[in-house]
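A.B. asks: Sequence:
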Amino acid sequence: MSIQLHDSLKMAEKEKALPRVIAYNRIDGPGSSLDLSEFQQAFWKLPDIQDKDDPAVKWTMNLPRTVGITIDTGTKIEAHPFNPDLIGVKSVEYKTEVTGSLGEVIPIKENWLLKIIEIFDIKGVMFILKNLREGIQSSGLGGSSTATIGVCILANELAGRPFSKIQLISLASRIEQSFGVSITGTQEQSNVIFGGVMDYVWFPWGKPGYPDTGYGESSRFELIPPENYGLLEERMAIFHSGKARLSSEVNLAWRNALLTEVGYKLHFNKMKVAYEFREGLRQQKWGHVMKSIDRYRKIRTKLCEGYMKNSIDLLERAKNYHCTTFPLGAGGGGGVLLFSPNPESLEKLREDLKGIYSEIPFKIRSRGHEINNAKI
Numbered sequence: 001m002s003i004q005l006h007d008s009l010k011m012a013e014k015e016k017a018l019p020r021v022i023a024y025n026r027i028d029g030p031g032s033s034l035d036l037s038e039f040q041q042a043f044w045k046l047p048d049i050q051d052k053d054d055p056a057v058k059w060t061m062n063l064p065r066t067v068g069i070t071i072d073t074g075t076k077i078e079a080h081p082f083n084p085d086l087i088g089v090k091s092v093e094y095k096t097e098v099t100g101s102l103g104e105v106i107p108i109k110e111n112w113l114l115k116i117i118e119i120f121d122i123k124g125v126m127f128i129l130k131n132l133r134e135g136i137q138s139s140g141l142g143g144s145s146t147a148t149i150g151v152c153i154l155a156n157e158l159a160g161r162p163f164s165k166i167q168l169i170s171l172a173s174r175i176e177q178s179f180g181v182s183i184t185g186t187q188e189q190s191n192v193i194f195g196g197v198m199d200y201v202w203f204p205w206g207k208p209g210y211p212d213t214g215y216g217e218s219s220r221f222e223l224i225p226p227e228n229y230g231l232l233e234e235r236m237a238i239f240h241s242g243k244a245r246l247s248s249e250v251n252l253a254w255r256n257a258l259l260t261e262v263g264y265k266l267h268f269n270k271m272k273v274a275y276e277f278r279e280g281l282r283q284q285k286w287g288h289v290m291k292s293i294d295r296y297r298k299i300r301t302k303l304c305e306g307y308m309k310n311s312i313d314l315l316e317r318a319k320n321y322h323c324t325t326f327p328l329g330a331g332g333g334g335g336v337l338l339f340s341p342n343p344e345s346l347e348k349l350r351e352d353l354k355g356i357y358s359e360i361p362f363k364i365r366s367r368g369h370e371i372n373n374a375k376i
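The sequence shown lines up with residues 1 to 376 when you count with the working numbering.
No lab work stands behind these hints, which were simulated from the structure alone.
So the derived label-pair ranges between C-beta atoms look like this:
1. N256 - T96: 28 to 36 Å
2. T260 - I108: 28 to 36 Å
3. P208 - G103: 32 to 40 Å
4. E110 - E227: 41 to 49 Å
5. D85 - E227: 45 to 53 Å
Calculated lysine-lysine pairs in the PhoX-like style (CA-CA distance at most 25 Å, straight line):
6. K348 - K243
7. K109 - K95
8. K130 - K14
Using N, Cα and C, we set each Cβ at its ideal position, and we do this for glycine too.
Using the sequences provided together with the hints, build the complete structure.
C.D. replies: Here is the structure:
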């Protein structure tokens, strides 16, 4: 039986306590794209999981993994009272609105968020989405996936939490991918669920020996505790290339390369580099972090030259200050991560870029999302 939310949301509106979720974006790096299902499945093999205390978790070295760094940009999703017989989704930034009746939502790209609401069998509600910061759409920070998993979290709360965290990750990833919204894996979704500076080791079919786990499952390791976030923040910056991104074309090129002998070998090398990135962050060996970023970027560029489109000038400028760059997401434009082992070098680069490129300021967050006023 459908859950009617109209009356309770009207009351919440009067009390200025509408249910909402704030879902935060992530910075990716070496290991990104290994969370796509094709890559998880192509490179995964049954590991010899060690139970002993091993901070380096060497048994994960050759498994697909991704490091996510949660930052304070993202999307606010708020539930508003709506026509008792309908559901709706409205985006403030994109100036779009879609509505429908339960059982009648057509499974097309434009309806992907509306379909999620329908899945939870709730009605009389309009979800309104608004970015926390203006002007950073399509910046390689996982925006569409952040919105998708945020809608899943809020709908799950309003429906009484029928799904687990891992089920929500799976639901968000599969809906976004299947509806053709973007080529996505499980990294951004996991980041919103768990947050922090987190190393994810992917288990595409669930963890061996744990029959209740499935797609979306990962082993997770905190690499940097919140009290040390400042050490990483002072070595990182994000600037926008000022150009539109070509994420779908780049991701498609990478997927096609996986089906060739040369491409497969290049992709395979990513796992070792991603592990080096993980260990560099965990041990705060900032020179190792920079080397892994350079190596991963070069592999990606060999697989698809378009990855560096619109980011070449930023890379050349960074080299002049002993810094490096990493186009975020699938690259091609949008947000570019700048990194230097030396904070002073990064500050000099930041000064050089003023007036040429726009910076996206950020702080690292220990949580991937916040829920408010969910009990109505």
